[in-house]
Amino acid sequence: MFERETGISADTFTEKIAAGDLSVEVKTRSDKDIMSKSMLSVVETLRSLVAEAAMLTKAAVDGRLATRGNAGKFNGGYREIVDGVNKTLDAVIGPLNVAASYVDRISKGDIPPTTPMKC
Numbered sequence: 321m322f323e324r325e326t327g328i329s330a331d332t333f334t335e336k337i338a339a340g341d342l343s344v345e346v347k348t349r350s351d352k353d354i355m356s357k358s359m360l361s362v363v364e365t366l367r368s369l370v371a372e373a374a375m376l377t378k379a380a381v382d383g384r385l386a387t388r389g390n391a392g393k394f395n396g397g398y399r400e401i402v403d404g405v406n407k408t409l410d411a412v413i414g415p416l417n418v419a420a421s422y423v424d425r426i427s428k429g430d431i432p433p434t435t436p437m438k439c
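Numbered per the numbering used here, the sequence shown spans residues 321 to 439.
Derived from the structure by calculation, the hints contain no laboratory data. Be careful, since some hints might not be right.
[Stated by the list, open to error] Below, a list of computed lysine-lysine pairs in the DSS-like style, where the Cα atoms sit at most 30 Å apart:
no.	residue 1	residue 2
1	Lys378	Lys393
2	Lys393	Lys357
3	Lys378	Lys407
4	Lys352	Lys378
5	Lys347	Lys357
6	Lys357	Lys336
7	Lys336	Lys347
8	Lys336	Lys378
9	Lys393	Lys407
10	Lys347	Lys393
11	Lys393	Lys336
12	Lys352	Lys393
In this text the structure is predicted, and so the values were computed from the model without any measurement.
Could you build the full structure based on these sequences and the hints that come with them?
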């Protein structure tokens with residue numbers, strides 16, 4: 321049934337998705353075509369997740385370290401992935417900002433107290 325609806329076998333479709341190939345096209349033929357609609361939703365969500373990761377990567381490379389992913393665009397485990405990346409960025413960038421602030425203060429002759437950061 322899936323093959324008739326989409327033009328691709330369910331096995332081939334799922335193998336491509338599992339391999340990270342998001343170029344597959346899914347066309348639904350009716351409102352009752354639940355399988356194709358669900359598979360289309362999976363592909364669209366994964367494409368959006370990849371785009372969100374690419375945006376975060378570009379922002380970091382460009383020096384925009386305060387940029388965070390929009391977890392609100394996703395549900396369930398997909399949201400957890402974006403939240404996790406955001407928390408990881410905060411955990412890495414927070415101490416870097418403290419260190420940069422201390423270096424700036426030291427360069428002006430102001431010796432800050434010992435930082436409570438754990439390394």
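Here is what the structure says about each hint:
For the hint linking lysine 378 to lysine 393, the alpha-carbon distance of about 19 Å falls within 30 Å, and the restraint holds. Distance restraint check for lysine 393 and lysine 357: the Cα-Cα separation of roughly 19 Å lies within the 30 Å cut-off, and the hinted pair is therefore satisfied. This hinted pair checks out: lysine 378 and lysine 407 have alpha carbons roughly 18 Å apart, not beyond 30 Å. With a C-alpha separation of about 40 Å, the suggested pair lysine 352 and lysine 378 falls outside the 30 Å cut-off, and the hint is violated.
Between the alpha carbons of lysine 347 and lysine 357 the distance comes to roughly 8 Å, so the proposed pair stays at or under 30 Å and holds. For the suggested pair lysine 357 and lysine 336, the alpha carbons sit about 17 Å apart, so the restraint of at most 30 Å is met. With a C-alpha separation of about 16 Å, the suggested pairing of lysine 336 with lysine 347 holds against the 30 Å cut-off. Taken as a hint, the lysine 336 and lysine 378 pair is honoured in the structure, with Cα atoms around 26 Å apart against an allowance of 30 Å.
Among the hinted pairs, lysine 393 with lysine 407 is consistent with the structure: their alpha-carbon atoms are about 17 Å apart, no more than 30 Å. The hinted pair formed by lysine 347 and lysine 393 meets the criterion: a straight-line CA distance of about 23 Å does not exceed 30 Å. Between the alpha carbons of lysine 393 and lysine 336 the distance comes to roughly 24 Å, so the proposed pair stays at or under 30 Å and holds. Note on lysine 352 and lysine 393: the hinted pairing holds, with a Cα-Cα distance of about 26 Å set against a maximum of 30 Å.
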